[in-house]
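J.: One-letter residues, chain by chain:
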Amino acid sequence: MLKIAKLFMFSLLGALLWGANMVSAGQTIVIKGSTTVLPIAQAVAEAYMKLHPAVNISLSGGGSGEGIKALIDRSTDIANSSRDMKGEEVKLAKSRGVNPTSHQVAIDAIVPIVHPANPVKNLTNEQLSLIYQGRIKNWREVGGENLKLVVISRDSSSGTYETWGEKVLHGAKVTPRAQLQASNGAIVQAVSKNRYAIGYIGIGYLNKRIKALTVNGIQASAETAISGAYPIARPLFIFTNGEPAGEVANFIKFLSGEEGQKIVKREGFVPIKR
Amino acid sequence: MNRQQKEKIFKITFFIFALTSILVLGFIVFFLFREGLPIFRSVSVADFIFGTGWYPTYDPPEYGIWPLFVGSIVVTFFASLIAVPLGILSAVYISEIAPAQVKNILKSIIELLTGLPSVVLGLFGMVVLAPWLQETFDLPTGLNIINASLMLAIMAIPTISSISEDALYAVPQEFKEASYALGATEFETIVNVTIPAALSGISTAVILGMARAIGETMVVLMVAGGAAAIPESIFDSVRPMPASIAAEMGEAPFGSGHYHALFAIGIVLFFMTMIFNLIADYISHKFREAGSATL
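The listed protein sequences correspond, in order, to chains A and B.
All you need for this note's numbering is the position in the first sequence, starting with 1, plus 81.
All you need for this note's numbering is the position in the second sequence, starting with 1, plus 1.
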């Protein structure tokens, strides 16, 4: 009899805890996807949760494809993506009754970077393309020291790589000798330790340990990215299933509103509205 | 409840636990094949394994994993070259030569090495070893085969050392005594008697160590450099198979050719580690009775 009473108590306790959990998790927004959009989403989510303490935002990276996959599986409310959805993905989404809707939230400018000790300051789009195809092999050929060029690229499925391939290489293949790194941070890490290296990162990841190059003589900045003068820029998106409603809609309004866009700028990206 | 019933319940409980682990493994293998096999509708097995172009996101895509395969083999080979002598010799020292106190300290240090998270080793290789290698040897990059092999060796040494040590420990005392009685020195005894008697266990240790190295992901992702080209020197960057999977899976569109190709790489890895394990199993069974009769 005692055992049964104990069991009853435990299940009661369990039910109580579960119930409490349900209440506190009343409004949860799940966000998943691109690592490029992650710093924006994180800062905006923090600001938003401060304003709306009842809302709980669960944020994770994983990559654009992962976010879109989660949206299709209905395991996320918002998918961050540094690229537009592919035809294949849209088709799959439609077949599962998911209706992906895109919202542009920022512009990302991708910047070629080198070691601070590298004397090269500018490369043309053409030179960048030849370097990444492995046809320019030495820094001497582009006005630098007599050092072998070490090409560092992002892994072939990242949105950043895709944009780079489109805007710089125009569809040509990256040399197989290119070192592939899995994140913006890893590229910064590798380039900052290597005088031979060239890499590329989102403008939000620039810091003092590396040197940004100008492209065609134009420095990457908010102005040049928006005006289109800087050649390697792309929009960043978030996707929702259908038109957003409720808390998700509020969040997106906040993100694309004045305050959210201020955060976008502070994180080193280019806001869509000014 | 009588004794028999209790006994039965125990048996069933344990059976269920054992079954669960087998079922889980079965599900994983099933999933691996279900997600990986569709790639062979668009590319033949030979082109997949021996193709030299890994351009899964281009149009038309190329799904040749040969550079990745070679990358895995090369880093595993060099890691074994470093880890096998170090692992076995340290096992010999711990089991046969070291005084009891030194033995205890060494053993626990090597066990500690086992528990070292691979991401920590990777980070060490990336921020300490890579710049050092680059400056010392004036290389274009420190993220290369040598760096990855060294880090993998550090991961494989504890496996090789502790299993070898068990094998050496299991060699019957009479063997050594007989050797000493014939006037052999300690060195002669170790080389001619103890090691040959423990050879099956040591071989198993080596193979399991290599299997550990070939399947390791984090370290090679961080320090091998990630170039999907067939290396020309030991200072070139490579992109071993697990690193490819880890780096690309996150952004491969779900259900695409790239996605299936990454799972197919998983199948290749699965077969490789399985072959390693089968060899280890075969050796340890075949040469198990290293008793007095076989010497």
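It should be emphasised that the hints constitute simulated quantities derived from the structure, not laboratory data.
Note that CB positions come from ideal geometry on N, CA and C, so glycine has one too.
Misleading hints may appear alongside valid ones.
Negatives, chain B to chain A, calculated, CB over 10 Å [stated by the list, open to error]:
no.	residue
1	Ala19
2	Val46
3	Val85
4	Pro100
5	Ala101
6	Met127
7	Val128
8	Glu187
9	Val192
10	Asn193
11	Leu222
12	Met223
13	Asn278
Cβ pair distances, simulated, as ranges [as the list claims (entries may be wrong)]:
no.	chain 1	residue 1	chain 2	residue 2	range
14	B	Leu20	A	His133	46 to 54 Å
15	A	Gln214	B	Leu20	24 to 32 Å
16	A	Lys346	B	Tyr59	33 to 41 Å
17	A	Arg177	B	Ala19	36 to 44 Å
18	B	Leu107	A	Leu132	33 to 41 Å
19	B	Val30	A	Thr205	34 to 42 Å
20	B	Val30	A	Thr182	37 to 45 Å
21	B	Ile110	A	Arg177	32 to 40 Å
22	A	Glu247	B	Glu136	31 to 39 Å
23	B	Tyr59	A	His184	26 to 34 Å
24	A	Ala128	B	Thr21	39 to 47 Å
25	A	Gln185	B	Ile29	48 to 56 Å
26	B	Leu20	A	Lys346	20 to 28 Å
J.: All hints are to be evaluated individually against the structure, with a verdict given for each.
T.: Here is how each hint holds up against the structure:
With a least CB separation of 28 Å from chain A, alanine 19 (chain B) remains clear of the 10 Å interface cut-off, as annotated. For valine 46 (chain B), the condition that its CB be more than 10 Å from all CB atoms of chain A holds, with the nearest at approximately 22 Å. Its beta-carbon lying about 28 Å from the closest one in chain A, valine 85 (chain B) satisfies the requirement of being farther than 10 Å from that chain. Chain A leaves proline 100 (chain B) outside its interface by the beta-carbon criterion, the shortest separation being 43 Å against a cut-off of 10 Å.
Every CB of chain A is more than 10 Å from the CB of alanine 101 (chain B) (nearest about 44 Å), matching its label as outside the interface. Consistency note on methionine 127 (chain B): stated as away from chain A, yet its beta-carbon is not over 10 Å from all of that chain's, at 7 Å minimum. Not every beta carbon of chain A lies more than 10 Å from that of valine 128 (chain B), the smallest distance being close to 7 Å; the non-interface claim is violated. Every CB of chain A lies more than 10 Å from the CB of glutamate 187 (chain B), the least distance being 47 Å, so the non-interface label holds.
Chain A leaves valine 192 (chain B) outside its interface by the beta-carbon criterion, the shortest separation being 44 Å against a cut-off of 10 Å. A cut-off of 10 Å between C-beta atoms confirms that asparagine 193 (chain B) is not in contact with chain A; the least separation is 48 Å. With a least beta-carbon separation of about 6 Å from chain A, leucine 222 (chain B) fails to lie farther than 10 Å from that chain, contradicting its non-interface assignment. Residue-level check failed: methionine 223 (chain B) sits 8 Å from the nearest beta carbon of chain A, not beyond 10 Å.
Against chain A, the non-interface label of asparagine 278 (chain B) holds: every CB pair exceeds 10 Å, the least being about 29 Å. Between leucine 20 (chain B) and histidine 133 (chain A) the beta carbons are some 48 Å apart, a value that agrees with the proposed interval 46 to 54 Å. For the pair glutamine 214 (chain A) and leucine 20 (chain B), the beta carbons lie near 54 Å from each other, so the given range of 24 to 32 Å is not met. Between lysine 346 (chain A) and tyrosine 59 (chain B), the C-beta spacing of about 34 Å keeps the proposed range 33 to 41 Å intact.
At roughly 38 Å, the beta-carbon separation of arginine 177 (chain A) and alanine 19 (chain B) lies within the given 36 to 44 Å, and the hint holds. Taking 33 to 41 Å as the suggested C-beta distance range, the pair leucine 107 (chain B) and leucine 132 (chain A) does not conform, at roughly 58 Å. The hinted window of 34 to 42 Å between valine 30 (chain B) and threonine 205 (chain A) is violated, with their beta carbons roughly 51 Å apart. Checked against the hint of 37 to 45 Å, the pair valine 30 (chain B) and threonine 182 (chain A) passes, with Cβ atoms roughly 38 Å apart.
With their beta carbons about 53 Å apart, isoleucine 110 (chain B) and arginine 177 (chain A) fall outside the hinted range of 32 to 40 Å. Taking 31 to 39 Å as the suggested C-beta distance range, the pair glutamate 247 (chain A) and glutamate 136 (chain B) conforms, at roughly 36 Å. Separated by about 29 Å at the C-beta atoms, tyrosine 59 (chain B) and histidine 184 (chain A) satisfy the suggested range of 26 to 34 Å. Checking the proposed 39 to 47 Å range against alanine 128 (chain A) and threonine 21 (chain B) shows it holds: the Cβ atoms sit about 45 Å from each other.
In this structure the hint that glutamine 185 (chain A) and isoleucine 29 (chain B) lie 48 to 56 Å apart at CB is violated, the actual value being about 40 Å. Our hint of 20 to 28 Å for leucine 20 (chain B) and lysine 346 (chain A) is violated, since their Cβ atoms are close to 57 Å apart.
In this structure, the earlier hints numbered 6, 7, 11, 12, 15, 18, 19, 21, 25, 26 are contradicted, and the remaining ones agree with it.
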